[in-house]
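**Student:** For the record, the sequence lines run as chains A and B.
Read in order, the letters of the first sequence correspond to residues 1 to 318 in my numbering.
Read in order, the letters of the second sequence correspond to residues 1 to 435 in my numbering.
The hints are simulated quantities; they were obtained by calculation from the structure and are not laboratory data.
Keep in mind that a hint or two might mislead.
With a cut-off of at most 30 Å between alpha-carbon atoms, the simulated BS3-like pairs for lysine-lysine come out as follows [claimed, not checked]:
| hint | chain 1 | residue 1 | chain 2 | residue 2 |
| --- | --- | --- | --- | --- |
| 1 | A | K31 | A | K7 |
| 2 | A | K7 | B | K323 |
| 3 | A | K7 | B | K212 |
| 4 | A | K181 | B | K212 |
| 5 | A | K153 | A | K31 |
| 6 | B | K255 | B | K323 |
| 7 | B | K255 | B | K245 |
| 8 | A | K40 | A | K7 |
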Amino acid sequence: MKGTLGKDLLALEPLTAQQIQLILDTAEPFKEISERAIKKVPALRGQTIVNLFFEASTRTRISFEFAEKRLSADTVNVASSGSSVSKGETLVDTARNLEAMRIDMVVIRHGASGAAQFLAERIESNVINAGDGTHEHPTQGLLDLLTLRDHFKTLAGRRVCICGDVLHSRVARSNIWGLRKMGVEVAVCGPRSLLPHGIEQLGVIVFDRIEAAIEWADALNILRLQVERMTAGYIPSAREYNRVFGVSRERLERAPRDLLIMHPGPMNRGVEIDSDVADGPHSVILNQVTNGVAVRMAVLYLLAGGRPELAAAAKGDR
Amino acid sequence: MSAADRDLRPILLRGGRVIDPSQHIDRTASVLLTGGVVAEVGDRIVAPDDAIVLDCSGAIIAPGFIDVHCHLREPGREDVETIATGARAAAAGGFTAVCAMPNTEPVTDNQAAVGFIVRQAQRGGGARVYPIGAISVGQRGEALAEFGEMVGAGAVAVSDDGRPVVSAHLMRTALEYARTFNIPVVDHCEELTLARGGAMNEGLVSARLGLKGIPSEAEEIMVIRDILLARRTGGHVHIAHASTKGSVELIRWGKDRGIRVTAEVCPHHLSLTEDAVEGYNTNAKMNPPLRTSMDVAAMQEAVRDGTIDCICTDHAPHHYDEKEREFADAPNGIVGLETAFGVVTTSLVATGIIDYPTLIERMSCAPARIFGLQGGTLRARDVADVTVIDPDRRWIVDPSAFLSKGRNTPYAGRELQGAARYTVVGGRLIHRAAD
Chain A
1 MKGTLGKDLL ALEPLTAQQI QLILDTAEPF KEISERAIKK VPALRGQTIV NLFFEASTRT
61 RISFEFAEKR LSADTVNVAS SGSSVSKGET LVDTARNLEA MRIDMVVIRH GASGAAQFLA
121 ERIESNVINA GDGTHEHPTQ GLLDLLTLRD HFKTLAGRRV CICGDVLHSR VARSNIWGLR
181 KMGVEVAVCG PRSLLPHGIE QLGVIVFDRI EAAIEWADAL NILRLQVERM TAGYIPSARE
241 YNRVFGVSRE RLERAPRDLL IMHPGPMNRG VEIDSDVADG PHSVILNQVT NGVAVRMAVL
301 YLLAGGRPEL AAAAKGDR
Chain B
1 MSAADRDLRP ILLRGGRVID PSQHIDRTAS VLLTGGVVAE VGDRIVAPDD AIVLDCSGAI
61 IAPGFIDVHC HLREPGREDV ETIATGARAA AAGGFTAVCA MPNTEPVTDN QAAVGFIVRQ
121 AQRGGGARVY PIGAISVGQR GEALAEFGEM VGAGAVAVSD DGRPVVSAHL MRTALEYART
181 FNIPVVDHCE ELTLARGGAM NEGLVSARLG LKGIPSEAEE IMVIRDILLA RRTGGHVHIA
241 HASTKGSVEL IRWGKDRGIR VTAEVCPHHL SLTEDAVEGY NTNAKMNPPL RTSMDVAAMQ
301 EAVRDGTIDC ICTDHAPHHY DEKEREFADA PNGIVGLETA FGVVTTSLVA TGIIDYPTLI
361 ERMSCAPARI FGLQGGTLRA RDVADVTVID PDRRWIVDPS AFLSKGRNTP YAGRELQGAA
421 RYTVVGGRLI HRAAD
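Okay, chain A solo, but in the shape it has when bound:
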């Protein structure tokens, strides 16, 4: 089925500002569904969705599953550790087998960049990328945008700095594209060893010091620092990372304005973010999680061919 977004949602890079706007606007009425006593509408009744997770994930998988269930879709979770190669069956065979069971959509999380597109080009069902390698995580980018819009009302002209391991982050890439398309000024801040070479060419400002980033930004989106980065020799230690790049209350207090604090989770408290910041008054980290369900409902609804102008009506019980 083909809706206003096309067949698939693979990345934010190819989307237009209008399409992003559409998803965010469609998410608005869906927010309220999760606040009801009976959190269910029939918008996707009869649709079969497979959540195909080749990488461990708790929050993204659960968020998608809630979104699907609250729209009344039938869902199946397939979890597979390791890549399809180590599993013995190829990704395309896995997908074709699923499709032979007549499914409507696949939500895929995979360790290889490009895996979602690979799948989308080979099956008829709608494909939603729930994170492919170090490429993109478009629904995370969208929920971050929705959270920023909730707070600031308008996005254009705001300044957002993405902090940390941008090199290995699919969240960072989706955020950079989404924010830039919506007219937000984007910066990144982290050790150069964790920033892609030539990142400036993506139209972002680079800060080498977190203090400078804090002085500049309206909001910080703080990425998780993976432990593997130390063993792979990108940075010396979590301790030093916290000293140099950690977002602490002391550092934020020196800022000329209050900064909105975001984190895609899961957090390493005391490494990239201190607890008093994560739990502080300007943190919207849990709002991000709540918005995640609404944004994913919007994406599922639109890809299934739902008409955006009927989204508000779709949430009403028949």
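Here the structure of chain A is known, so what remains is to put chain B in place on it, guided by the hints.
**Tutor:** Showing chain B alone in chain A's frame:
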């Protein structure tokens, strides 16, 4: 002259543009081949009664192309290519000879393995196949393989291609030891600690696609190491598949100082950029990776000015299933024997960067000279290895029509200009283009 050669009918290549840079010939003439050798280049050749007369009007008659770098996969991966299928694909691409890299299974690192390739090639009946022996036993980068015995069995060079010679000490010894046999040491230049895990060129595209990049320095560091070791040892280093502007500058630096360094470039590094990876196209994945437009321009200029001596294919067939997967997991390499001439003509000659004499020098004369092979000339009494090419023929690349077992090409569906009309090896017509 063997008994078989005496049975050969003469071939008259009639009335084409004869280009032989080895003798500075570029004029309309005919070429007579008798008894497996070139008899004569001339205007008024009277064909013997039993001669096969091949019309060469509108075509270029040139010494046969020689590919100094290809992977024929036999022994070990006969499912993706054999010496016979590779040699026939080579002939279809206008190559009269190819050099087969030793990263077979098992590795071609001893005289018996080299002899096997020579025998398989004789039975195959396509282009000539010259084995390249391994530098180190098992290509493990530890102990030197027996260069002398391999050369005795028919090896024309040594290389651990597919992987670099990691140890600078081993590279030094290889360059020194190879001097006795007067063969080039061919190095796949890649600094592994920088390149490890990389799937494409490091740059804007890799940053966007979220693929680990291989910086150009990973190649250049090894290029300059090898050039310095060639200076130290007086050995001949041949840089395999150079791909970056920096490598060109370093090779030029070495040549300016009289160091024995030669180099090759592949058609894909002369015609495609990292943009071809867009959409995670695994047929644009190779090592070294496709680089930037700046690098491509530098490679083209280096072919023009001779800093790069020869054009090779790095023909690397892979099974369809191996390429039909996630980008990071797909193997490196593309096939090239049947598209090389068309790609080079289309991207370098048709665009006015080089002329045909330069193309023939880089694809025939220089390879023969550098690797000490017969051919690369139309001199009388030299071996009758000749390619007749249609410079203006336009064709669409259709991988299903390849004679190679490999179908992995980024040029599928592309229109190319230039194709081989006839390929003659040892006076025998082994390829004739369909009309």
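**Student:** Would you mind marking each hint as holding or not holding in the structure?
**Tutor:** Against the structure, the hints come out as follows:
Taking the CA atoms of K31 (chain A) and K7 (chain A), the gap is about 24 Å. The hint holds against a cut of 30 Å. Simply put, K7 (chain A) and K323 (chain B) have alpha-carbon atoms about 25 Å apart, close enough for the 30 Å limit, and the pair holds. Taken as a hint, the K7 (chain A) and K212 (chain B) pair is honoured in the structure, with Cα atoms around 28 Å apart against an allowance of 30 Å. A hinted pair counts as satisfied when its Cα atoms are at most 30 Å apart, and K181 (chain A) with K212 (chain B) qualifies at roughly 25 Å.
The suggested pairing of K153 (chain A) with K31 (chain A) holds, with an alpha-carbon distance near 16 Å, which does not exceed 30 Å. For the hint pairing K255 (chain B) with K323 (chain B), the CA-to-CA distance comes to about 38 Å; that exceeds 30 Å, so the pair is violated. Note on K255 (chain B) and K245 (chain B): the hinted pairing holds, with a Cα-Cα distance of about 15 Å set against a maximum of 30 Å. The hinted pair formed by K40 (chain A) and K7 (chain A) meets the criterion: a straight-line CA distance of about 25 Å does not exceed 30 Å.
This entry does not satisfy hint 6, going by the numbered hints stated previously; all others are met.
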